[in-house]
Amino acid sequence: MELRPLHIVNALLIDGDTPRAGSLLAVDGRIAALDPADRPNGAETIDARGQWLAPGIIDFGVFATDKPAFHFGGITRAALMPDSGPLDGAGLVERAAKGGKPDLWVHPLAAATKGLEGRELAEIGLMKQAGARAIATGRARIADSGVMRRVLSYAASLGLVTIIHAEDEGLTAGAVATDGEMATRLGLASAPAIAEAIAIARDLALVEETGAPVHFRQVTTARGIDLIRAAKAKGLPVRCGITPAHLLLSDTAIGDFRTFARLSPPLRSEDDRQACLAAVADGTIDILASGHDPRGPEDKRLPFAEALPGMAGAETLLALGLGLVRDGHVSPGRLFELLAATPGRLLGVAAGQLTVGHEADLILVDADTPWQVDAKKMAAWAGNTPFDGMPVQGRATMMWKGGSRIR
Amino acid sequence: MTSATIRPASDYPPGGDAFRHRHLTGIAQLTPWEISYVLDAAEEWVDMNRSGAAKHDDRLAGLTIINAFFENSTRTLLSFEIAGKRLGADVVNMHAGQSSVKKGETLIDTAMTLNAMRADAIVIRHASSGAVQLIADKVDCPVLNAGDGRHEHPTQALLDALTIRRRLGRVEGLTIAICGDVLHSRVARSNILALTLLGNEVRIVAPPTLTPPAMDRLHVTSFTDMDEGIRDADVVMMLRLQNERMDGAYLPSAREYHALYGLTPKRLKRAKPDAIVMHPGPMNRGVEIDSSVADDPVRSTITEQVEMGVAVRMACLDILTRRKRGIAGWN
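Same order as they appear, the protein sequences are chains L and U. For the first sequence, my numbering begins at 1 and goes up steadily by one. For the second sequence, my numbering begins at 408 and goes up steadily by one.
Among these hints, one or two may not hold up.
The list that follows gives simulated cross-link-like pairs (lysine-lysine, BS3-like), each with its CA atoms no further than 30 angstroms apart [unchecked claim]:
#, chain 1, residue 1, chain 2, residue 2
1, U, K545, L, K376
2, L, K377, U, K545
3, L, K128, L, K114
4, L, K128, L, K101
Derived by calculation from the structure, the hints in this document are not laboratory data.
All chains, full assembly: derive it from the sequences and hints.
Okay, structure coming up:
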């Protein structure tokens with residue numbers, strides 16, 4: 001079936017800081033014009049009825065290809081972490097990239113080392129040819145500084161960004177929480193928050209030495225953020241991200257041993273949380289992602305320390321992001337920089353912005369409708385959300401991938 | 408005995424309002440008067456237990472108590488078993504070694520199995536912090552925490568409070584030094600909560616590698632110098648040092664630990680002249696405590712703690728099953 005031109009009218013376009021009234025025309029799966037003067041014959045017209053028209057969310061760093069959750073959440077593209085598999089060979093990367101067809105883009109992040117073991121370089125070049133758009137260290141960092149240095153310079157020579165998990169394994173060995181009153185009261189093994197800053201400091205030194213571009217997938221502490229801020233001021237090719245959990249929850253959320261709040265890195269102190277909010281507002285943090293990691297009861301209905309870390313985040317990402325807008329931390333335009341534009345640039349795809357020539361990956365967003373997060377009624381294949389029961393506002397009401405309607 | 412921490416019975420609210428908990432998962436859930444309510448109840452059982460041949464009461468006759476111990480224990484298990492039997496209950500012990508836990512059954516499945524067997528109370532020990540709470544949320548009967556990971560061991564704290572109250576006449580306004588491996592100790596956590604709640608000055612004496620973070624938030628003072636930490640203390644409470652902590656990761660050696668943190672007669676002179684010495688057992692003689700201190704009948708309360716343990720556990724089993732037994736006012 002031939003793709004009809006798509007004409008969305010009566011929308012509030014998110015192509016600047018604040019939503020503005022306008023319309024959009026997509027032809028052959030790409031954005032052809034903003035506010036087109038006339039509408040081509042045969043175009044399908046959608047009346048947005050004053051809803052936001054935004055680029056589809058590009059969820060940077062998920063652990064599962066969980067389409068129902070992504071579609072619920074307005075996510076048209078997902079950058080898949082290499083941990084399940086692990087994705088350390090060209091064939092695996094190629095297959096993972098096809099995992100979303102036909103209605104979701106999946107961009108595999110290739111394993112930086114064989115088996116993600118942190119010892120030998122994986123076939124990064126062949127994986128790039130197979131469709132990998134960046135490489136990643138996985139759920140842990142590469143402990144050996146020598147290996148990390150070689151990974152960074154090798155990936156950089158291929159034009160690939162290295163996605164880093166920043167926690168010092170010596171300090172975090174056995175820990176399931178951050179040092180503090182909560183961990184002590186619950187009797188949980190904990191690690192100091194500086195485990196993050198120490199890891200970031202090492203990798204920033206390697207970035208300075210090699211010039212390799214990196215992205216710290218989650219920066220969650222004040223000291224970590226300070227280091228990133230300073231590195232950016234120096235002009236180093238550094239970006240960083242965060243998930244809503246570390247912006248909206250502190251370690252008090254693990255009270256009563258709630259395993260849905262067992263995350264990696266663990267939830268931090270309230271001071272660190274406030275520093276993260278400030279870093280989102282001042283632009284130090286570049287990407288807001290879900291970290292989508294659905295875990296069933298066999299992984300979560302266990303004593304806290306035995307449960308696996310991770311949260312199902314894809315469905316709540318947009319609504320919690322809209323909460324940041326309502327609370328005055330970011331503008332609507334900046335929110336979609338965090339959710340779509342910057343991840344798109346990092347992946348090197350023509351998507352993530354309402355720009356002529358970009359893929360017509362689009363969502364309509366009803367920014368205000370209230371709903372309640374319910375772990376028992378999630379579209380994701382597991383409902384392990386630390387936000388269970390939280391009232392939120394806003395959701396994606398329609399979405400298109402490459403100009404064709406998927407919801 | 409007269410003391411401010413011992414209340415007349417008329418001080419307590421009537422019936423179940425005196426102890427408003429379905430389970431005993433930790434000291435953290437209790438109020439000061441709930442603690443003294445349990446201690447008062449235990450006093451009666453101390454008297455009965457000492458009364459010669461007739462150490463028996465049939466108030467729990469017909470009830471089934473399951474002691475589900477997922478972690479090895481001799482003393483606590485025995486203490487709970489005796490407590491249940493003295494009250495006339497049918498007591499069944501489940502050891503992790505004999506159970507299907509080793510065959511990969513999850514903790515929740517095991518809990519549901521115990522529940523389906525219609526236990527009237529379940530006593531649980533588990534190596535993971537929070538495991539007891541997890542089970543308590545899933546079963547229909549009262550659950551008693553006999554120690555979960557490094558989290559809590561509430562009956563130990565209650566028996567320690569009772570021992571102190573009987574020895575020193577009160578358990579408030581005292582200076583109490585808790586010494587040793589606080590980081591890995593559920594006994595320390597429960598005692599910190601109980602003893603600060605009752606209005607004592609609690610000090611922690613531990614090497615920095617075995618001191619938990621944020622201790623000031625628990626209203627205690629931390630010391631790394633044992634001589635400083637026990638100075639003028641009314642109570643010196645020693646903790647057991649697990650063998651696996653002495654291998655260099657947390658401490659250089661047992662020998663060095665004894666030199667810096669072992670309770671010797673000489674060191675004990677720093678505490679008050681009538682200070683008592685406590686230990687939850689089992690002891691590492693010559694490591695955290697010298698035999699001459701442990702065996703000193705005037706200072707050491709170690710065997711008395713064991714005795715109080717049975718009485719406190721009888722009190723807890725009695726109180727938590729009152730609802731089930733249809734005692735007036737407990738519903």
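Checked hints:
| no. | hint | result |
| --- | --- | --- |
| 1 | U:K545 - L:K376 | holds (17 angstroms) |
| 2 | L:K377 - U:K545 | holds (21 angstroms) |
| 3 | L:K128 - L:K114 | holds (15 angstroms) |
| 4 | L:K128 - L:K101 | holds (19 angstroms) |
Of the hints listed earlier, there is not a single one the structure fails to meet.
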